[in-house]
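Number of protein chains: 2
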Amino acid sequence: MKQLIECVPNFSEGRRPEVIGAIAEPFKNTPGCYLFDCRADEDHNRLVVSLVGSPEPVQTALIAAAKIAVRHIDMETHAGGHPRIGAVDVIPFTPLRNMTMPECADLARSFGERFYRETEIPVYFYEEAALRPDRRRLEVVRRGQYEALKKEVADPARHPDVGEPRLHPRAGATVIGARKFLVAFNVNLGTTDVAVAKRIAEAIRASSGGLCHVKGIGLALKDRGLVQVSLNVTDHEKNPLYRVTEFVRTEARRWGVEVVETEVYGMVPAAALMSSAEYYMRIAGFDPAQIIELRLLEMMG
Amino acid sequence: MKQLIECVPNFSEGRRPEVIGAIAEPFKNTPGCYLFDCRADEDHNRLVVSLVGSPEPVQTALIAAAKIAVRHIDMETHAGGHPRIGAVDVIPFTPLRNMTMPECADLARSFGERFYRETEIPVYFYEEAALRPDRRRLEVVRRGQYEALKKEVADPARHPDVGEPRLHPRAGATVIGARKFLVAFNVNLGTTDVAVAKRIAEAIRASSGGLCHVKGIGLALKDRGLVQVSLNVTDHEKNPLYRVTEFVRTEARRWGVEVVETEVYGMVPAAALMSSAEYYMRIAGFDPAQIIELRLLEMMG
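Just so you know, the protein sequences line up as chains P and Y, in that order.
Under this note's numbering, think of the first position of the first sequence as 1, with each following residue one higher.
Under this note's numbering, think of the first position of the second sequence as 1, with each following residue one higher.
Because the hints were derived from the structure by calculation, they are not lab data.
Just so you know, these numbers come straight off a predicted model, no measurement behind them.
Among these hints, one or two may not hold up.
Label pairs and their calculated CB-CB ranges [to be verified]:
#, chain 1, residue 1, chain 2, residue 2, range
1, Y, Arg253, P, Asp106, 50 to 56 Å
2, Y, Gly21, P, Gly21, 51 to 57 Å
3, P, Ala206, Y, Lys222, 46 to 52 Å
4, Y, Glu139, P, Glu246, 42 to 48 Å
5, P, Leu131, Y, Pro17, 52 to 58 Å
6, Y, Pro17, P, Ala206, 55 to 61 Å
7, Y, Met300, P, Asp106, 25 to 31 Å
8, Y, Asn98, P, Asp41, 30 to 36 Å
9, P, Thr77, Y, Gly301, 40 to 46 Å
25 Å max Cα-Cα, derived SDA-like pairs, lysine to any residue [unchecked claim]:
#, chain 1, residue 1, chain 2, residue 2
10, Y, Lys215, P, Phe286
11, Y, Lys2, P, Leu297
12, P, Lys180, Y, Gln290
13, Y, Lys2, P, Gln290
14, P, Lys215, P, Ala195
Under 7 Å between C-beta atoms, here's a sample of chain Y residues computed to sit facing chain P [what the hints assert, rightly or not]:
#, residue
15, Tyr34
16, Glu261
17, Pro269
18, Leu297
Glycine residues also receive a C-beta, built at the ideal position from the N, C-alpha and C atoms.
Model the full assembly from the supplied sequences, consistent with the hints where possible.
This is the structure:
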């Protein structure tokens, strides 16, 4: 089949239903672009859209939606709880099938050029698509948000990667990038002692020296009499779910605590679960093309 | 998405490439019918085709292929190592998505009527589509093969389920049915003692009182210094792969023998592996619609 990507564009509008509907329209009506989820948050005043499809239709729909967003969103009057620098705040591309990460980064960069040509919104590249190492991290690019960037954009250190060194008068700037698929994964433990979950979260997360592609916190599930190690796995190929599970199990054993259950939150690529089935059952020489549904998807193109 | 079925028609031709090619043609060229595999065996003089698709295009392609088979295959002169009663020997339908087994059995029966109308080949129904309990088993329907059935078809006990009580002069009869997806699954053990594999196969298979939907034999993998419990799981929902694996592991422990690896042979539905990932990782409340590829397949229709 053709290349397949996920894209999760974030728009700075979470309150006006008619604007949200108008922005979502091209994602619903562009053949080959599949709208998986569309979630508006009033407090954040932000719309998070989840798309899957081939690169071309996804890009076409993104451009159309961006033009609608520019017409309806004015950053000069926008307020909301989530950090943002533009009406079309951030567009991350994720490779799903038949695409490498370098190819996806190239896609993000060429889309950034097209995006600027068609919307006149300046573009910053982040994560795998970053052109400057310091711009890999989204929070660095977005520092000070729209209000600060409006002045600082003239400073060469904050010049956009594409476009003139000034923000779009209404739509600000857009951050475009490439990153791996993020799996939200929780491990629930049979204790009411939240300290156990917090210690394990500290042991496993990258920020305190654990697994390189895991973020995590420990919290109590009071109603259930359990605690939870709540994790984001930012690279499930390098840090597969079975390894994360066994890591938590091993640490929990130190406290005489059992893994009661795990939770996969939201969407997940088939490979993230297959690798765990392969591990636990020791399946030798398995090829994902043996899975009927994946083969069919390839054949349907 | 629409209903999805697998179908594995068997044709009594495994030697003449031009005939094999002609029979395969409609499976390749009917939109909505996806040809997964096409395997001719010279000794068996038999062609086994593996199809996936929506019921309508799969049936259309089957009728077209059957008409070609009737033109080129004469059961009066056919010889081969595999039991058979007709040019289009057997057509099993398997429900894959959005279809229950009773619906699939109905599909098999209505297809049987259409098949007879369009080809004049009489039809027997087997397994879940059987109209008489004694015809559930394929080997009963095929008893004595083409040569015996030609005479015995006049006997009411062997009358076809659809059509006059006589065979098609060239194409014999066809057995049509509905059955669950069959998963070929092997468990390789770290011993050279084939008796261990044979004992475990005996313990697990239905025919000697084990799991109801498992067939199995024990054999030696001499080159590898291992033995194998070679299994067919005829209902992976009732006898999931993790349970089969753990059953074998428990029995092997009695002999101080380890499960070295397992093998999934050929195609497998995603659910057969997902259920194992769910079991080993204790994933709570998982919905297959969370898997991107399955969701996409639904949306692509």
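Of the hints given before, which are not true for this structure? Nothing - there is no hint that the structure violates, so all of them hold.
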